[in-house]
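Which chain is which? The protein sequence lines are C and F, in order.
Mapped onto the working numbering, the consecutive letters of the first sequence carry residue numbers 1 to 350.
Mapped onto the working numbering, the consecutive letters of the second sequence carry residue numbers 1 to 350.
If you are wondering where the hints come from, they were derived from the structure by calculation, not from laboratory data.
Be a bit skeptical, because a hint or two may be false.
Which copy is meant is left open, because identical chains are indistinguishable; a pair holds if it fits in one copy or across any two.
With a cut-off of at most 25 Å between alpha-carbon atoms, the simulated DMTMM-like pairs for lysine to aspartate or glutamate come out as follows [what the hints assert, rightly or not]: (1) K240 / E71; (2) K204 / E135; (3) K204 / E334; (4) K89 / D273; (5) K345 / E87; (6) K204 / E26; (7) K268 / E91; (8) K89 / D7; (9) K78 / E216; (10) K239 / D115; (11) K268 / E195; (12) K204 / E91; (13) K337 / E3; (14) K194 / D143; (15) K89 / E334; (16) K239 / E26; (17) K50 / E19; (18) K268 / D97; (19) K89 / E3; (20) K128 / E85; (21) K240 / D120; (22) K78 / E3; (23) K239 / E61; (24) K240 / D250.
Protein chains: 2
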Amino acid sequence: MPELRYDPIRSRWVIISTERARRAHEYIRPREKPKVDVRSCPFCYGNEAKTPPEVFVIAPEGRQPNTSGWEVRVVPNKYPALRIEGELKREGLGIFDLVNGIGAHEVIIESPQHDVSLADLPVHHIQKVLIAYRERIRDLRKDVRFRYILVFRNHGGEAGASLSHPHSQLIATPIIPPVVVGELNTAREHYIRKERCIFCDLLKQELMLGDRIVYEDENYVEWTPFASAFPFETWLFPKKHLHDFALLNDDELLELARVLKDMLLRIKTVLGDPPYNMVLHTAPSPHPRPGREYYWSTLQYDYHWHIELIPRLTRIAGFEWGSGLYINPTPPEEAAKYLREAEVKVEDEA
Amino acid sequence: MPELRYDPIRSRWVIISTERARRAHEYIRPREKPKVDVRSCPFCYGNEAKTPPEVFVIAPEGRQPNTSGWEVRVVPNKYPALRIEGELKREGLGIFDLVNGIGAHEVIIESPQHDVSLADLPVHHIQKVLIAYRERIRDLRKDVRFRYILVFRNHGGEAGASLSHPHSQLIATPIIPPVVVGELNTAREHYIRKERCIFCDLLKQELMLGDRIVYEDENYVEWTPFASAFPFETWLFPKKHLHDFALLNDDELLELARVLKDMLLRIKTVLGDPPYNMVLHTAPSPHPRPGREYYWSTLQYDYHWHIELIPRLTRIAGFEWGSGLYINPTPPEEAAKYLREAEVKVEDEA
Numbered sequence: 001m002p003e004l005r006y007d008p009i010r011s012r013w014v015i016i017s018t019e020r021a022r023r024a025h026e027y028i029r030p031r032e033k034p035k036v037d038v039r040s041c042p043f044c045y046g047n048e049a050k051t052p053p054e055v056f057v058i059a060p061e062g063r064q065p066n067t068s069g070w071e072v073r074v075v076p077n078k079y080p081a082l083r084i085e086g087e088l089k090r091e092g093l094g095i096f097d098l099v100n101g102i103g104a105h106e107v108i109i110e111s112p113q114h115d116v117s118l119a120d121l122p123v124h125h126i127q128k129v130l131i132a133y134r135e136r137i138r139d140l141r142k143d144v145r146f147r148y149i150l151v152f153r154n155h156g157g158e159a160g161a162s163l164s165h166p167h168s169q170l171i172a173t174p175i176i177p178p179v180v181v182g183e184l185n186t187a188r189e190h191y192i193r194k195e196r197c198i199f200c201d202l203l204k205q206e207l208m209l210g211d212r213i214v215y216e217d218e219n220y221v222e223w224t225p226f227a228s229a230f231p232f233e234t235w236l237f238p239k240k241h242l243h244d245f246a247l248l249n250d251d252e253l254l255e256l257a258r259v260l261k262d263m264l265l266r267i268k269t270v271l272g273d274p275p276y277n278m279v280l281h282t283a284p285s286p287h288p289r290p291g292r293e294y295y296w297s298t299l300q301y302d303y304h305w306h307i308e309l310i311p312r313l314t315r316i317a318g319f320e321w322g323s324g325l326y327i328n329p330t331p332p333e334e335a336a337k338y339l340r341e342a343e344v345k346v347e348d349e350a
Numbered sequence: 001m002p003e004l005r006y007d008p009i010r011s012r013w014v015i016i017s018t019e020r021a022r023r024a025h026e027y028i029r030p031r032e033k034p035k036v037d038v039r040s041c042p043f044c045y046g047n048e049a050k051t052p053p054e055v056f057v058i059a060p061e062g063r064q065p066n067t068s069g070w071e072v073r074v075v076p077n078k079y080p081a082l083r084i085e086g087e088l089k090r091e092g093l094g095i096f097d098l099v100n101g102i103g104a105h106e107v108i109i110e111s112p113q114h115d116v117s118l119a120d121l122p123v124h125h126i127q128k129v130l131i132a133y134r135e136r137i138r139d140l141r142k143d144v145r146f147r148y149i150l151v152f153r154n155h156g157g158e159a160g161a162s163l164s165h166p167h168s169q170l171i172a173t174p175i176i177p178p179v180v181v182g183e184l185n186t187a188r189e190h191y192i193r194k195e196r197c198i199f200c201d202l203l204k205q206e207l208m209l210g211d212r213i214v215y216e217d218e219n220y221v222e223w224t225p226f227a228s229a230f231p232f233e234t235w236l237f238p239k240k241h242l243h244d245f246a247l248l249n250d251d252e253l254l255e256l257a258r259v260l261k262d263m264l265l266r267i268k269t270v271l272g273d274p275p276y277n278m279v280l281h282t283a284p285s286p287h288p289r290p291g292r293e294y295y296w297s298t299l300q301y302d303y304h305w306h307i308e309l310i311p312r313l314t315r316i317a318g319f320e321w322g323s324g325l326y327i328n329p330t331p332p333e334e335a336a337k338y339l340r341e342a343e344v345k346v347e348d349e350a
C-alpha cells in the first residue's frame, strides 16, 4: 500500500509509492558524461588564467597566486547568476516586488585532478574542501548585503554539472532562500513551544527507530529521512546541536570529512556513481536588521546545520511541479538497508 | 543586471539572470523520443484490453465499451501512484504523520492517433479532451476521501512522459497538494484584507503593463508571469473570475480549447516542440470538514482557476533544490515577445 508521509522539517507531503517500487539495481544505468578536453579545462593546472582571479586557495607557501601547485582553489563563477558590484535596491512595482541581483557566485575547485570524484579523494583532502567552504562562508558574511550563503555540489551532467572536473559552488543571496526560511520558521515555532531543537528531536526519534539509519559514529549520523522526496535521499547530521557549520574547527571538519566520504562512497557503490545534488544548510548570516534584532539574533540558534544529498534517479514531471508533492518509488527504509549494507572503506588517517 | 523577483501567487523568489541570458533559438535542440512500437502501444486502437477498463469515454453511440472507435478515452493508470480501494487512515507516529495512499490515478487518452500532439488536434477535439477533464473532476469529487484532483500533462521524454501517445493524467489526493494550499492561502489572505481576488488583481496589472502578454481575446489571456521560474513559462487565465474549472459548460470549453491550442502552438513554434509540463489548477473539492465549514466552503471562491505551462529547457540542480530559488536565464518580457510574434494558425470552426 502506498503512503503519504509528512516531512516535519520541510512542511511537505511525499508519496511513498510501493506500487511502482524500485530496487537499487534498477537505477543503475550508463550516465552521460560532460565532454571536456582536459587541456582546455579551466579548472586544471596551467589553465588558472581561464578563470577570474582566485578569492581563496589552499596551497604550499611561496606559490604565486593564480598559478598551478594549489590543492583547493576558489574562484568567482565566470557566468554568475548574481553580480557582486552595486548597492542593494529593494522596490515595489504595483503588486510586484523586486530586488536587484546583487550576490556572489563562486566555484570551489576541489582538486587539481580532473578525473576524480569527491568520494575518491583522501579524507585529509576532503577536509581541505570543507575548510574552503567554511572560510568562504565566513568571509562573505562580512558583506551586509548578503543574507545567506548556500554551498552546493552538482555531480554528473544529469544533476546539472556542466564541467566534470570536481567542484562545488556557492551562491550568496540578498534574501534568505525560501527552503531555508521554511526550515527556520518551523524550527523557531518548535523552539518557542518546546524550547527544544526540532532537528534534535527528529534525530532522536530516528536513532530510536533505527530502520532509516545508514551509518552513525560518535558525532555524526547518516540517514534516509522518513518523508524522503527522492529515492536514496540521504541526510548527514551532526549529533551535537549546533546552528552554524562555519563555527566548526579544523579537527571537527576532519571528522566530518570522514563521514562525508563514507556517505558519498555508499551512494556511489549502491547506485553505480549516480548523478546527485548535495546541499549544505546552515544558519543565515547573523546581521541584525533594524527593529528585528531579537528575532534575527536568536533565530539562528534554533537551527541545526546539516548536509542533504539527493541522487537524481527519477524525473520531476507535471504532477510534482503542479502539486509540490513528490512520488518516491523506493521507501527510505529499503534505501537505508542497501546503503547500510554497502561495503565501503574509508581509510583511517590523521 | 540580474534581478530577484517575487511571485505574489506562489510566494517565492526567482532570479532572472541576465548574465546568462538565453534566446529562444538557443533552446532548440534534438529531443529524445520515447521509443514505442505502435502495435504494442496500450493507447492505440485495438489494444484497449491492455489498459484497465475505461472509466469515461467520448465515442459514437452503439460502441461496445473497451473496444476501438472512441475519440477520447479515460482509464485508470496501470501503475497508480495511489490506490483507490480502502478507507482513509490518518495517523501520527511520534514526530511523524502519515496517511495511507488512497487516491485515484487516471490517464486521459486524448486521441486514437499515436503520433500527434495535443497542439495539432482540431479545436473541437481539444474541447472533448477538456470535457473529459471536467467530467472526471466532477465524478471523482463525489468521493469524500479525495481533497483535490490535479490534472496534468507531460509532453516529451525529458518532461517525464513514458509513452509518446498523446495523453494527460489526473491524480486525486487525500490531501490538498502543498502548491495549491500555498495559492489558496495567499488568495484567502488577500481576499480577507481587500475583498478582491489576487489573481484578478494580478491579471489587471499585467494587462495594463502589457509587456508580458502573449495573447488575449474576449475571455482568456496567455502571459509569461513577472516572476517566471522557468524560461518561457506561460500561464493561461480566464478573464472572468471563476474559482472552478469544473463549472465551465461545453461552449466555454470550446472557447478555452481555441486559446489552449493557440498557446501550445506558440510554444511549439518558438521552441521547436520542446518537452513541457502543463498543469490545471482549480479549486479543491468542496466537501466541508467538521468544524471548518465556513473556512472550507468560502475558500474556493477566493481562487481563480488557470493553466500553467512549463517548457523543460533548463536543469534543476543543487542550488534550486537547496534554496527553492529558481534561476531563469530568459526574462519573461523577452519570452513574451517571441511568443507574441510567433505566427500560428488556430482554425476557426464550431
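Which numbered hints fail: Hints 1, 2, 4, 5, 6, 7, 9, 10, 11, 14, 16, 18, 20, 21, 23 are the ones this structure does not satisfy, whereas the remaining hints hold.
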